[in-house]
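These protein sequences, in sequence, are chains A and B.
Residues 1 to 269 (my numbering) make up the first sequence, in order.
Residues 270 to 530 (my numbering) make up the second sequence, in order.
Simulated from the structure, these hints should not be mistaken for laboratory data.
One or more of the hints may lead you astray.
[Stated by the list, open to error] Anything over 10 Å on all C-beta distances counts as not near chain A; from chain B, calculated:
hint, residue
1, L418
2, L434
3, K451
4, T507
[Said to hold, decoys possible] Derived EDC-like pairs: lysine to aspartate or glutamate, alpha-carbon spacing no greater than 20 Å straight-line:
hint, chain 1, residue 1, chain 2, residue 2
5, B, K447, B, D435
6, B, K492, B, E467
7, A, K40, B, E364
8, A, K266, A, D182
9, B, K495, B, D471
10, B, K396, B, D435
11, B, K448, B, E464
12, B, K377, A, E19
13, B, K381, B, E364
14, B, K296, B, D276
15, B, K423, B, E376
16, B, K409, B, E429
17, B, K450, B, E386
18, B, K361, A, E32
19, A, K40, B, E358
20, A, K40, B, E359
21, A, K266, B, E339
22, B, K493, B, E467
23, A, K266, B, D335
24, B, K491, B, E464
25, B, K409, B, E358
26, B, K323, B, E337
27, B, K492, B, D471
28, B, K497, B, E467
29, A, K266, B, E337
30, B, K402, A, E32
31, B, K389, B, E364
Heads up, the beta-carbon is just placed ideally off N, CA and C, and yes, glycines get one too.
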Amino acid sequence: MKKQALLKETDAECASAGEIMIYDAFTVWLREMIRFWRSKSRVIGGLAMPFLWLAIMGTGLSSIVPGVGGASYIEFLIPGIIGMTLLFSSMFSGISVIVDKQFGFMKEILVAPISRLSIMVGKTVGGATTALLNGLIILVLAIIIGVHFAGLTGMFISIVFMLLISASFVSLGVAIASRMSDMSGFQMIMNFLIMPMFMLSGVFFPIDQTPAWMQTIAHFDPLFYGVDGLRGSLIGISILPLFVDFIVLSAFCISIVLIGTYLFSKSEL
Amino acid sequence: MISITTDKLTKTFNSFTAVDSVSLAVKKGELFGLLGPNGAGKTTLISMLATIKKPTSGSARLCRHDIEREQSKVRSCIGIVFQDPTLDEELKGQENLDIHGRLYHLEKGKRKKRISEVLKLVGLSQKADMQVKTYSGGMKRRLEIARGLMHRPKVLFLDEPTLGLDPQTRRSIWDFIKKLKKVGVTIILTTHYMEEAEYLCDRVAIIDHGKIIALDSPNRLKKKHKGKTLEDVFLHYTGRRIRDEEAGITERNRRRMRFRG
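Make a model of the complete structure from these sequences and hints.
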């Protein structure tokens, strides 16, 4: 009965509430993709920084660090740099929510008959898609410059981790952005959150060889599990078993999407 | 048949009451004007009816659906043209409409048909494939109106639809609003142009400080107060003091950006 009423009123191609939700999330995602495609500078900008870290810090540190756990330092560094790229581009993709508020398009989305969850999911998948693209570009670059990875299975597993990392941090960024209306304030908060997460995740050094206090704090950093998972799947060196990384990161991802949706649904214009 | 009813609808922001216990009824197919000085609460009232602001107290029904409990149903039967711009400027005109059609679950064939239909209606067919950021102010406004109509809403909110438009565009939008009324769309219009309200509206409500202080047809209001124009009536009710306005977020940011740029 309810279904029929919905179909009658909206001519939806799709039938069940779940399908409608996915269709709506797809619409939100589609718009993000068109916008992304129009601004190539975002792709290049997103890649410049990790490339600098890799080229300068990687090369520099390689000369004093012989290798970590059997891998060369560059091999050790690449999964971390991928994690870092995902963190930065994911968190900052939340800015699209603020841009939509400032340019008014958010109102168009909010008066449309679509659920807040599908808006949140569409935005998250949109941000995650672009972040994932950045991550994959770094991976391909690494292969081109001759870095040796553990194999195809490992690469597939690493993509799963990339997805989880992107989805988690995009939703965190979107959740925070949904409560804010000003761009520079958002950037401040993002830097404040990103920097400690980035440094404690073990991008540059193995966390298991740091003092106990640092290891303890690092275990509260969601990106630590992401970088560990990427390293485990790509070069076979990890501190925790991969399934532990996977479970912790998935739990973080799901809870942050739910919290984000809640915050988003509460936000008024 | 009644299209909109509100019952003691109220919205307060901290200690400020933007809309104060408004009760009204609008008939299906009626063209209803909301008039009031800046900051009187017109936009807040519309925002509540359009489900983007939650009422502090009171209730309202649109097309028999409760604005708080049946948000989704209310949303699919209304169309709204906001006071501030709400287009995606990076997208082409046609893409803005396509995304809108998708948001309102129009299937592909219908979407295409309606897009060319509404573009023709507002005279933008030639510009459909250009990015909205290249449009002039009037073109943007027309595109927003086209978009608001695309899903054939039963109730259409027009929040100052002709603000800042040249007389030609304003005329064509007026004709168009009249046409819509003929096909039975209920229209809620806010405006600062009294001649616009006089020309278009069946009834007008004058709002000040969140309260409705007069409600009747423009002609009867004029007769009652022996005013020559609706503007006389308006000034009679709302006085001559100039009001400050608390601008909406979009407007605020635009101003900020203007300072920066």
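Hints, verified against the model:
1. L418: With a cut-off of 10 Å, L418/B remains clear of chain A, as the shortest Cβ separation is near 14 Å.
2. L434: Check passes; 18 Å lies beyond 10 Å.
3. K451: Non-interface label on K451/B holds, nearest chain A Cβ at 23 Å vs cutoff 10 Å.
4. T507: holds (27 Å)
5. K447/B / D435/B: holds (19 Å)
6. K492/B / E467/B: Holds: K492/B and E467/B sit about 13 Å apart, inside 20 Å.
7. K40/A / E364/B: holds (19 Å)
8. K266/A / D182/A: Given that 20 Å is the threshold and the Cα spacing comes to 18 Å, the pair holds.
9. K495/B / D471/B: Measuring from Cα to Cα gives roughly 19 Å; hence the hint holds.
10. K396/B / D435/B: holds (19 Å)
11. K448/B / E464/B: holds (18 Å)
12. K377/B / E19/A: Cα-Cα ~16 Å, so holds.
13. K381/B / E364/B: holds (11 Å)
14. K296/B / D276/B: holds (15 Å)
15. K423/B / E376/B: Given pair K423/B, E376/B holds - Cα atoms ~19 Å apart, limit 20 Å.
16. K409/B / E429/B: Status holds; Cα separation ~14 Å.
17. K450/B / E386/B: holds (18 Å)
18. K361/B / E32/A: holds (14 Å)
19. K40/A / E358/B: holds (16 Å)
20. K40/A / E359/B: Holds, at roughly 13 Å.
21. K266/A / E339/B: holds (16 Å)
22. K493/B / E467/B: holds (15 Å)
23. K266/A / D335/B: Roughly 19 Å separates the two Cα atoms, so the pair holds.
24. K491/B / E464/B: holds (13 Å)
25. K409/B / E358/B: holds (9 Å)
26. K323/B / E337/B: Holds, at about 7 Å.
27. K492/B / D471/B: Distance of about 15 Å is within 20 Å: holds.
28. K497/B / E467/B: Given pair K497/B, E467/B holds - Cα atoms ~12 Å apart, limit 20 Å.
29. K266/A / E337/B: Holds: K266/A and E337/B sit about 13 Å apart, inside 20 Å.
30. K402/B / E32/A: holds (17 Å)
31. K389/B / E364/B: holds (15 Å)
Checked against the numbered hints listed earlier, the structure breaks none of them; every hint is satisfied.
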